[in-house]
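For this one, chain A is given, so just place chain B on it according to the hints.
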Amino acid sequence: MTTASYETVETDVLVLGAGGAGLRAAIAAAEAGTRVMVVCKSLLGKAHTVMAEGGVAAAMHNVAYQDSWEVHFADTMKGGKLINNWRMAEIHAKESPDRVLELERWGAIFDRTWQGRIHQRPFGAHTYPRLAHIGDRTGLELIRTLQDRAVHTAGVDVHMETTAFKLLTADGRVVGALAYRRSDGSLILYRCSALVLASGGAGKMYRVTSNSWESTGDGIALAYDAGAQLRDMEMVQFHPTGMVWPAGVRGLLVTEGVRGEGGVLKNKDGERFMERYDHERMELSSRDVVARAINSEVIAGRGTPHGGVYLDISHRKPEFIKSKLPSMYEQFLKLSKVDITKQPMEVAPTLHYMMAGVRVEPETGATNVPGLYAAGELAAGLHGANRLGGNSLSDLLVFGKRAGEAAAAASKGNPKAAAAKLDQAQVEQAIAELMAPLDRPAGENPYKLQAEIQDVMTAHAPIVRDAAGLQAGLEKILELQARAAQCGAGGSSSLAFNPGWHTARDLRSMLVNAEALLRSALERKESRGAHARSDYPKTDDQLASVNYITKETPHGMSVEAVSIPTMPSHLAEILQRSYATYTPEEME
Amino acid sequence: MAEKRITIQATRFDPEKDSAPRLQSYDIPFPDDSMVVLDALNYIKAHVDGTLSYRWSCRMGICGSCGMMVNGTPKLTCNAFLRDYWPRPVIVQPLNNFPIIRDLVIDMDDFMHKLKSVQPWIIRKQEIPLGGGEHRQTTAQIDEFKQFSQCINCMLCYAACPVYGLNNDFLGPAAIALARRYNLDSRDEGFTKRLPVIADSEGIWECSFVGECSVVCPKGVDPAKAIQQTKLDTTLRFTLPFGNRD
Numbered sequence: 001m002t003t004a005s006y007e008t009v010e011t012d013v014l015v016l017g018a019g020g021a022g023l024r025a026a027i028a029a030a031e032a033g034t035r036v037m038v039v040c041k042s043l044l045g046k047a048h049t050v051m052a053e054g055g056v057a058a059a060m061h062n063v064a065y066q067d068s069w070e071v072h073f074a075d076t077m078k079g080g081k082l083i084n085n086w087r088m089a090e091i092h093a094k095e096s097p098d099r100v101l102e103l104e105r106w107g108a109i110f111d112r113t114w115q116g117r118i119h120q121r122p123f124g125a126h127t128y129p130r131l132a133h134i135g136d137r138t139g140l141e142l143i144r145t146l147q148d149r150a151v152h153t154a155g156v157d158v159h160m161e162t163t164a165f166k167l168l169t170a171d172g173r174v175v176g177a178l179a180y181r182r183s184d185g186s187l188i189l190y191r192c193s194a195l196v197l198a199s200g201g202a203g204k205m206y207r208v209t210s211n212s213w214e215s216t217g218d219g220i221a222l223a224y225d226a227g228a229q230l231r232d233m234e235m236v237q238f239h240p241t242g243m244v245w246p247a248g249v250r251g252l253l254v255t256e257g258v259r260g261e262g263g264v265l266k267n268k269d270g271e272r273f274m275e276r277y278d279h280e281r282m283e284l285s286s287r288d289v290v291a292r293a294i295n296s297e298v299i300a301g302r303g304t305p306h307g308g309v310y311l312d313i314s315h316r317k318p319e320f321i322k323s324k325l326p327s328m329y330e331q332f333l334k335l336s337k338v339d340i341t342k343q344p345m346e347v348a349p350t351l352h353y354m355m356a357g358v359r360v361e362p363e364t365g366a367t368n369v370p371g372l373y374a375a376g377e378l379a380a381g382l383h384g385a386n387r388l389g390g391n392s393l394s395d396l397l398v399f400g401k402r403a404g405e406a407a408a409a410a411s412k413g414n415p416k417a418a419a420a421k422l423d424q425a426q427v428e429q430a431i432a433e434l435m436a437p438l439d440r441p442a443g444e445n446p447y448k449l450q451a452e453i454q455d456v457m458t459a460h461a462p463i464v465r466d467a468a469g470l471q472a473g474l475e476k477i478l479e480l481q482a483r484a485a486q487c488g489a490g491g492s493s494s495l496a497f498n499p500g501w502h503t504a505r506d507l508r509s510m511l512v513n514a515e516a517l518l519r520s521a522l523e524r525k526e527s528r529g530a531h532a533r534s535d536y537p538k539t540d541d542q543l544a545s546v547n548y549i550t551k552e553t554p555h556g557m558s559v560e561a562v563s564i565p566t567m568p569s570h571l572a573e574i575l576q577r578s579y580a581t582y583t584p585e586e587m588e
Numbered sequence: 001m002a003e004k005r006i007t008i009q010a011t012r013f014d015p016e017k018d019s020a021p022r023l024q025s026y027d028i029p030f031p032d033d034s035m036v037v038l039d040a041l042n043y044i045k046a047h048v049d050g051t052l053s054y055r056w057s058c059r060m061g062i063c064g065s066c067g068m069m070v071n072g073t074p075k076l077t078c079n080a081f082l083r084d085y086w087p088r089p090v091i092v093q094p095l096n097n098f099p100i101i102r103d104l105v106i107d108m109d110d111f112m113h114k115l116k117s118v119q120p121w122i123i124r125k126q127e128i129p130l131g132g133g134e135h136r137q138t139t140a141q142i143d144e145f146k147q148f149s150q151c152i153n154c155m156l157c158y159a160a161c162p163v164y165g166l167n168n169d170f171l172g173p174a175a176i177a178l179a180r181r182y183n184l185d186s187r188d189e190g191f192t193k194r195l196p197v198i199a200d201s202e203g204i205w206e207c208s209f210v211g212e213c214s215v216v217c218p219k220g221v222d223p224a225k226a227i228q229q230t231k232l233d234t235t236l237r238f239t240l241p242f243g244n245r246d
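Listed in order, the protein sequences are those of chains A and B.
Residue numbers 1 to 588, in this note's numbering, belong to the letters of the first sequence in order.
Residue numbers 1 to 246, in this note's numbering, belong to the letters of the second sequence in order.
If we strip away everything but chain B, and leave its shape as in the complex, we get:
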């Protein structure tokens, strides 16, 4: 029986030489049904073309480094099985909506600023000293926001978001979900501190509820839900009497 093979078309772009990204085709063996796109890239780098550049780290879907466009959809490549594409070729491109540094590597500096702007930490009016033990929190209280805490900053939601594609100033899905995670945390008292950023013209109201962010999220964070809930919450704060109090 002939060896099973698969074609990978990967974006190549060297800023020192190329004026625009192009696709390069690699025909590689596909001996094992459990191979993922990242395995294919590692095979190419080790055996075919050592110059191919991409980010990866953990191989287990927890570090969020290896996000790329796979046949047009944002995916963690460590979690995208070749068997789902074979015998068609697999087109691997850098994540949409970000500047390319080289090949499949994107520039995500922008997100780090957005992350900080939503103040993703517990804000208390009064700190309890360490000797006072932990804040008590029940499992039910954690379940209120646990979903929004699973984000691995992989940027797939930004690559899927048409609003972010048109306007890079949009705070974006992951950052808003993170703000929601803290706003819902029973230990936190920082809602009004985060409000100016969340409700800003580049905040939640930019979202046109396409919902793609939640479709592509590999961790089930559901940023679209976080954004819609925040819209409702924010509106109530402004419209109900005394709503803006902590």
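The following block holds chain A by itself, in its conformation from the complex:
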């Protein structure tokens, strides 16, 4: 075997991923005085965060004076069915207002109240109107602001369209990563003294998803391979409202903002069915409840011709809809020729988000592997068994900043880590595995394998699961792992922008995520939040204090139950309080 050639790039803090969490971490680490290299799979500013619509949850009480961090904390814990990391929920609720204000300082535009303060909209399972937003394109504004801030923060450098495929360790510490440039297939070996993973979720393992091609769970798989523990991998969120037709956009997100602004759900008989599932909160119940309700209606034969339910906001004034939900208005008009100011939309659940992910220490985002930090969607803990809408953008900001600061501190504390002696065999082997599909012209087509993974997960780990289905799915995923290890590059052996070859690598990430999800789902023998089991339909109170931890052992992947530390009394007391319901004095 020939020695592969690669360029070596040295930095202090390496950040993998340039969505909200990665950029916020990069800014924080650079402001703390370290050199930062951001490496991202697509172009800067195109990361998945850009697609977020509804808003950032932060208890700024600009609209409802009763709001406070305590209520946000309680909503988050209750929405997560109590298996959240309570300390993360506390930090998040306390710090998100400052992170929003900071964005505003940097230039982000927000819809405003009549006094010129940041406006906040109601959203599912938030007691008070809490989501700072700009129309229904909050993600674009957030990523644009962070991108522009990052490019002028001294010390931040960005390598775009570069995919990391291996974390490098020395003496048990993460000291770098191997990556390839998508444009020409050239290799880079990054040396660093601390690394922040912020590369998002793995929605692409499902067929119907709001996620784009990038979301293949790379970071979670890289962390797992480096020895990091994963947490509650069974917990993935089906967003209740995705588009159902036309086929090309099936799964595309229809923002919860539609319901926040008054949209109602109806079945084909015109019945407002949420009445039967959550009489009190109706359409603004938590996402797990609404998604299961829609699923049940469709299965019971009360669905629409395209297999969804109706979401109707046409009772609001056309000008109101166009100003509050401009992207939705345009999206439906262009794609389905449906005018949402006059007609109902058809919607059905779509795989949207992973509450699951890398297990982190709440204050810093540190994983169990020294030198390795994680933030954003790929880090687990804040959302427990179900994420509230709007809590993701705030998660990115709060924990992105903390992870960046902690990584900077770790880097300063271990300045020699970036110069640690590397295990050359580790490097050579990772490169050989990456390159292998290019030399297998007769190998299986990676797109076909990707489609099979999606079929397995869609059939075997759906909204409502059972042991037999999960077990059969696991066996299929293990078989797919063996086939993926021998797959080709889809027809081209070129190194230049070769998507077949890139997909061959992504399969490995998706399969680690899929296996972990299935194994963890088999272990949690109850229904809780987003994890519903027909063979264990009840919530087991004993398991409210249990997280399932996935890790690598000499015998392969294993899952074990770990007790959640008891919540301190001052937090437990907050959960016991009751809060006045919010009634807007007048709806516009």
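Treat the hints as calculated values from the structure; they're not laboratory data.
Here the structure is a predicted model, which is why all the values come from computation and not from measurement.
Ideal Cβ positions, reconstructed from N, Cα and C, are used throughout, including at glycine.
Careful, some of the hints might be misleading.
Unchecked claim - Within a straight-line C-alpha distance of at most 25 Å, the following computed SDA-like cross-link-like pairs (lysine to any residue) qualify:
| # | chain 1 | residue 1 | chain 2 | residue 2 |
| --- | --- | --- | --- | --- |
| 1 | A | K317 | B | K17 |
| 2 | B | K219 | A | F332 |
| 3 | B | K219 | A | H119 |
| 4 | B | K116 | B | P87 |
| 5 | A | K322 | B | G61 |
| 6 | B | K125 | B | A199 |
| 7 | A | K334 | B | E189 |
| 8 | A | K334 | A | A247 |
| 9 | B | K17 | A | D439 |
| 10 | A | K334 | B | W86 |
| 11 | B | K146 | A | E102 |
| 12 | A | K337 | B | P87 |
| 13 | B | K219 | A | V338 |
| 14 | A | K317 | B | Q147 |
Stated by the list, open to error - Which stretches of chain B does chain A cover? Using the computed rule of at least three CB atoms under 8 Å from a CB of chain A, they are:
| # | stretch |
| --- | --- |
| 15 | 12-26 |
| 16 | 47-53 |
| 17 | 89-98 |
| 18 | 155-167 |
| 19 | 202-213 |
| 20 | 218-225 |
Stated by the list, open to error - The following residues of chain B were derived to be distant from chain A, with all beta-carbon distances above 12 Å:
| # | residue |
| --- | --- |
| 21 | E3 |
| 22 | T7 |
| 23 | Q9 |
| 24 | Y85 |
| 25 | W86 |
| 26 | P196 |
| 27 | A199 |
| 28 | Q229 |
| 29 | T234 |
| 30 | R237 |
This is chain B only, laid out in the frame that chain A set:
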């Protein structure tokens, strides 16, 4: 009834093998009236030719990754309906005025430098500490520049701009619109800081007001308006007494 089909002609270029880009023809099914050009490319990649390279991401016109020339016009391919072209063939090429990396993928590094040069962030003489709450801003104040803030960096305006085609040093439509967005922001005090770049020989005065940038913009940003307004504004700053003050 025979299955409805459509012909897609896509640019192929492999820098390791080809000396120049060429068009390759694909005849594919067109069963669904709602199919867009991006759906056609995804169909080709998944079922006909897995080697076709192009950029895309969100499918909903917000990420700005999938811009290409469609029958000679810069378009977001997730938003270009095949029904508007059928039964004629659809010719898909990489965006004009940029170097090609492979097939339909362009090199847009140049723009990232231009973006940074206009300082797209709030510049204040004095920062308010976080404890002071947000800057107050009214909806009317936001409406002054909201249009210019909708840019998704899709590069369609650069592909449409004949000036940029002749002179890649021209700052270009999106970057100038972005500068305008910040100059008009009631929270910002950075006009004079941005002025040297905007009014430079490669800045606004290069624009010959063809206006194509605004025609192709998928988000209604209207960069041409931003450029013309900036020309006027800049002139007034220089000609009126005390005009150059903040």
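Consistency of the hints with the structure:
{"no.": "1", "hint": "A:K317 <-> B:K17", "result": "violated (58 Å)"}
{"no.": "2", "hint": "B:K219 <-> A:F332", "result": "holds (16 Å)"}
{"no.": "3", "hint": "B:K219 <-> A:H119", "result": "holds (23 Å)"}
{"no.": "4", "hint": "B:K116 <-> B:P87", "result": "violated (43 Å)"}
{"no.": "5", "hint": "A:K322 <-> B:G61", "result": "holds (17 Å)"}
{"no.": "6", "hint": "B:K125 <-> B:A199", "result": "holds (22 Å)"}
{"no.": "7", "hint": "A:K334 <-> B:E189", "result": "violated (39 Å)"}
{"no.": "8", "hint": "A:K334 <-> A:A247", "result": "holds (14 Å)"}
{"no.": "9", "hint": "B:K17 <-> A:D439", "result": "holds (18 Å)"}
{"no.": "10", "hint": "A:K334 <-> B:W86", "result": "holds (17 Å)"}
{"no.": "11", "hint": "B:K146 <-> A:E102", "result": "holds (20 Å)"}
{"no.": "12", "hint": "A:K337 <-> B:P87", "result": "holds (21 Å)"}
{"no.": "13", "hint": "B:K219 <-> A:V338", "result": "holds (20 Å)"}
{"no.": "14", "hint": "A:K317 <-> B:Q147", "result": "holds (22 Å)"}
{"no.": "15", "hint": "12-26", "result": "holds (count 4)"}
{"no.": "16", "hint": "47-53", "result": "holds (count 5)"}
{"no.": "17", "hint": "89-98", "result": "violated (count 0)"}
{"no.": "18", "hint": "155-167", "result": "violated (count 0)"}
{"no.": "19", "hint": "202-213", "result": "violated (count 0)"}
{"no.": "20", "hint": "218-225", "result": "violated (count 0)"}
{"no.": "21", "hint": "E3", "result": "holds (16 Å)"}
{"no.": "22", "hint": "T7", "result": "holds (19 Å)"}
{"no.": "23", "hint": "Q9", "result": "holds (19 Å)"}
{"no.": "24", "hint": "Y85", "result": "holds (16 Å)"}
{"no.": "25", "hint": "W86", "result": "holds (15 Å)"}
{"no.": "26", "hint": "P196", "result": "holds (16 Å)"}
{"no.": "27", "hint": "A199", "result": "holds (20 Å)"}
{"no.": "28", "hint": "Q229", "result": "holds (19 Å)"}
{"no.": "29", "hint": "T234", "result": "holds (22 Å)"}
{"no.": "30", "hint": "R237", "result": "holds (22 Å)"}
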